[in-house]
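Visitor: Listed below, chain by chain, are the residues.
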Amino acid sequence: MGSLTRLQRYYLYYTGCFLLFIGALAVLEEHGMPPRWIGYAFLFFTISMYALIGIMSRTSDVSEYYVAGRRVPAFFNGMATGADWMSAASFIGLAGTLYLSGHQGLAFVIGWTGGFVLVALLLAPYLRRFGEYTIPDFLGARYGGNAIRLVAVAATILASFVYVVAQIYGVGVITSRFVSLQFEIGVFVGLAGILVCSFLGGMRAVTWTQVAQYVILIIAYVTPVAILSYKVTGNPVPQVVYGQVLKEVGRLEEALFDTPAEIEVRRLFRERADLYAQKIMQLPTSLRLEREQISSQINDLKASDAQMKDIVSLEKLRREMPHDTEQAKGRWEAAMFSSVERATPMIHHAEAFPGNDEEEQNIQRINFLALIFCLTIGTAALPHVLTRYYTTPTVSQARDSVFWSLLFILLLYITAPAYAVFAKYEVLTHLAEIPIAKLPGWVAAWTKVGLVSIEDINGDGILQLAELSMNPDVIVLATPEIAGMPYVVSGLVAAGALAAALSTADGLLLTITTSLSHDVYYRIVRPDASTQFRLVISKSLLLVVAVLAATVAAQKPGTILSMVAWAFSIAGSAFFPALVLGIFWQRATRAGALAGMAVGSLLSIYYILRVEFDSIPLLGISGFNMQPWFHVQSTAAGLFGVLAGFVTIVAVSLLTRPDATAPNFLGGIRLSGKKDVS
Amino acid sequence: MKSGARINSDEYWRKTKRLTWWLLSIWVLATFVMNWFARELNAYVFLDFPLAFYMDAQGLLIIYLAIIWFYNRRMRQLDAEYGIDDE
Numbered sequence: 003m004g005s006l007t008r009l010q011r012y013y014l015y016y017t018g019c020f021l022l023f024i025g026a027l028a029v030l031e032e033h034g035m036p037p038r039w040i041g042y043a044f045l046f047f048t049i050s051m052y053a054l055i056g057i058m059s060r061t062s063d064v065s066e067y068y069v070a071g072r073r074v075p076a077f078f079n080g081m082a083t084g085a086d087w088m089s090a091a092s093f094i095g096l097a098g099t100l101y102l103s104g105h106q107g108l109a110f111v112i113g114w115t116g117g118f119v120l121v122a123l124l125l126a127p128y129l130r131r132f133g134e135y136t137i138p139d140f141l142g143a144r145y146g147g148n149a150i151r152l153v154a155v156a157a158t159i160l161a162s163f164v165y166v167v168a169q170i171y172g173v174g175v176i177t178s179r180f181v182s183l184q185f186e187i188g189v190f191v192g193l194a195g196i197l198v199c200s201f202l203g204g205m206r207a208v209t210w211t212q213v214a215q216y217v218i219l220i221i222a223y224v225t226p227v228a229i230l231s232y233k234v235t236g237n238p239v240p241q242v243v244y245g246q247v248l249k250e251v252g253r254l255e256e257a258l259f260d261t262p263a264e265i266e267v268r269r270l271f272r273e274r275a276d277l278y279a280q281k282i283m284q285l286p287t288s289l290r291l292e293r294e295q296i297s298s299q300i301n302d303l304k305a306s307d308a309q310m311k312d313i314v315s316l317e318k319l320r321r322e323m324p325h326d327t328e329q330a331k332g333r334w335e336a337a338m339f340s341s342v343e344r345a346t347p348m349i350h351h352a353e354a355f356p357g358n359d360e361e362e363q364n365i366q367r368i369n370f371l372a373l374i375f376c377l378t379i380g381t382a383a384l385p386h387v388l389t390r391y392y393t394t395p396t397v398s399q400a401r402d403s404v405f406w407s408l409l410f411i412l413l414l415y416i417t418a419p420a421y422a423v424f425a426k427y428e429v430l431t432h433l434a435e436i437p438i439a440k441l442p443g444w445v446a447a448w449t450k451v452g453l454v455s456i457e458d459i460n461g462d463g464i465l466q467l468a469e470l471s472m473n474p475d476v477i478v479l480a481t482p483e484i485a486g487m488p489y490v491v492s493g494l495v496a497a498g499a500l501a502a503a504l505s506t507a508d509g510l511l512l513t514i515t516t517s518l519s520h521d522v523y524y525r526i527v528r529p530d531a532s533t534q535f536r537l538v539i540s541k542s543l544l545l546v547v548a549v550l551a552a553t554v555a556a557q558k559p560g561t562i563l564s565m566v567a568w569a570f571s572i573a574g575s576a577f578f579p580a581l582v583l584g585i586f587w588q589r590a591t592r593a594g595a596l597a598g599m600a601v602g603s604l605l606s607i608y609y610i611l612r613v614e615f616d617s618i619p620l621l622g623i624s625g626f627n628m629q630p631w632f633h634v635q636s637t638a639a640g641l642f643g644v645l646a647g648f649v650t651i652v653a654v655s656l657l658t659r660p661d662a663t664a665p666n667f668l669g670g671i672r673l674s675g676k677k678d679v680s
Numbered sequence: 088m089k090s091g092a093r094i095n096s097d098e099y100w101r102k103t104k105r106l107t108w109w110l111l112s113i114w115v116l117a118t119f120v121m122n123w124f125a126r127e128l129n130a131y132v133f134l135d136f137p138l139a140f141y142m143d144a145q146g147l148l149i150i151y152l153a154i155i156w157f158y159n160r161r162m163r164q165l166d167a168e169y170g171i172d173d174e
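Here the protein sequences come in this chain order: A and B. Each residue of the first sequence is one higher than the one before, counting from 3 in the numbering used here. Each residue of the second sequence is one higher than the one before, counting from 88 in the numbering used here.
Do not rely on the hints blindly, as some may be mistaken.
Unchecked claim - Calculated from the model, a selection of chain B residues having no Cβ within reach of chain A, i.e. all distances over 10 Å: (1) 123; (2) 152; (3) 168.
As the list claims (entries may be wrong) - Covered, in the sense of this in silico footprint (three residues per stretch, anywhere, with C-beta under 8 Å from a C-beta of chain A), are these stretches of chain B: (4) 104-118; (5) 134-147; (6) 153-167.
To be verified - One-sided and incomplete, this derived list gives chain B residues near chain A with beta-carbon spacing under 7 Å: (7) 96; (8) 126; (9) 130.
Quick caveat, the hints were computed from the structure, so don't treat them as lab data. Glycine included, every Cβ here is placed at the ideal spot set by N, Cα and C.
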């Protein structure tokens, strides 16, 4: 490839530095450095690296602050996009999802990479040739008027804010788990980590820290599974050899899934689920009966000369009983669902569209394809990814940088299924049918944190697979321990997860603030604002939004992770049809785009709400839960939203008068029309 | 832009569009049509993987990368042909 550029040399030194740092820690661990300090060392070292880059890239130039001066070479923009794109969910959650759902989970891998095909072919070159700062800018220029700009800003914030909260929440989880900081403190460490990257240097600083974060996250992701792969197969390239392991997993599944003990355990869980269902149906009588039963038990014990210990534990049980019908319903439903889950026969990892009959298989097939569709379109429509393609020097480099983006992202996504298969292999060989007292140490360690739970429901002292339930996050977090690696590898994984969360949070935060300061304040409120004042506004908004997001994250909102999945549907249905038709269909009009964006995103939100919830106390609505259309789950709501968006834009555009400015604008970004250039 | 080259830019756009639609249909075929038949494809084995599992875990991603690579290469050629030199 000839000689390296100056930037490439810098990042090579940086990577070397990071590897040396890991080596040094490994040596120190040998000499008795406690794990907690290793955790701190990683946290401190990586965040100060980011801070250093952040401070070196400080700027007071608007173009630098918003689009890094459009001087980011394709290769590095690809890397930055990779880090920008891969969030805490990709890093920690994806492998676990694949572990739990087997082939069905691959929809995420396909959707999250396929989106870049659409970015490359339909969006990136045109956005770059247009060459302003934001996505609302583009829509505003194409369709004209402030209304569309405001709708676009609203959709940007709606999709990005939940997403950024989830990242900060992720930082809290990671820091609390690996360096045992209190969750809330972890959240504010995360906030500091985000601000050092973005506050002083805006997009320019975010870009160069994202490149640094990509390096760390990819090393951290690939290392543990490569070592595990080497231990299991003798080949350190997991992506190549896990087919073999998958075959072995299939064989073990055949042997283990339907043993008499497994069937018995599943029957016991089904009975328990039925019991809960009954209790829920008979509310509130069942709650009263249960309380009376415990009370009479306590009285009986008190009358006899029973051990005080037993009475106290029963009283504790009584105290912890649900206080009212609402609470009882919630808790028992949760218990019922978890029992139902354990009672369902496990799926074979490699089987596509698992189901007992043709109809169930078809439902799985529809959901698989619908989810791919939504995630693909959502990926291609998330504003924080699209703005990255404003930062390259030329259109041709923007195109190339999509290629690099996908390549860098692919390295992680091609590894994730291997993680899942190796983890499953470990579970099937070292956990299934093993006496519970003899389980490997990592199981107990993660049970304590609540990510693994084991219940010997049939009391035979042996672990049946149905008795084990794992939180998806555990797969990536525990792999170092599963493979018996030193703690330094666990620290590395934590640093990688942190890098993934911080880099995505930075990109999102910057997108939100740019929308507010550039699109709302500068373009609509005060077009005559001086550049210096615009920067002041940007920086203050950045601070406000970041603190707001951290405050929300500190409340530990439980539903935040599923809300992220919905962000794809909302962004996809709001932006994708308006952007693509705006570029490829001259006849698309302002009224059409406005109607399409509104109808698309509202339909997605409506579908999510009605499928997921039964009541919204805030609005006083209840009992509006509905059956999904064509069995499509709420995570794929965008299927309807995107299609409705396209249909609405076409219909309304045809009913309104053609846009007079469209041909000129399109001539500019398509380089078409009779422009006489000589 | 290159001086002296009078470009027929409508043709440039037509060719860009045609290329885009071709590659998009490959994306649709590979992603949706192929996956519709995933159960049937799994009867075949490739590198020890059931075929559909391999395609979804690795094959499609490589196809996606190839689509983008080809698009960029072809667009560079078109740019040169029509004397387009952005910025």
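Visitor: State for each hint whether it applies.
Guide: Status of each hint after checking the structure:
no.	hint	verdict
1	123	7 Å, violated
2	152	6 Å, violated
3	168	13 Å, holds
4	104-118	holds (count 6)
5	134-147	holds (count 11)
6	153-167	holds (count 8)
7	96	5 Å, holds
8	126	5 Å, holds
9	130	11 Å, violated
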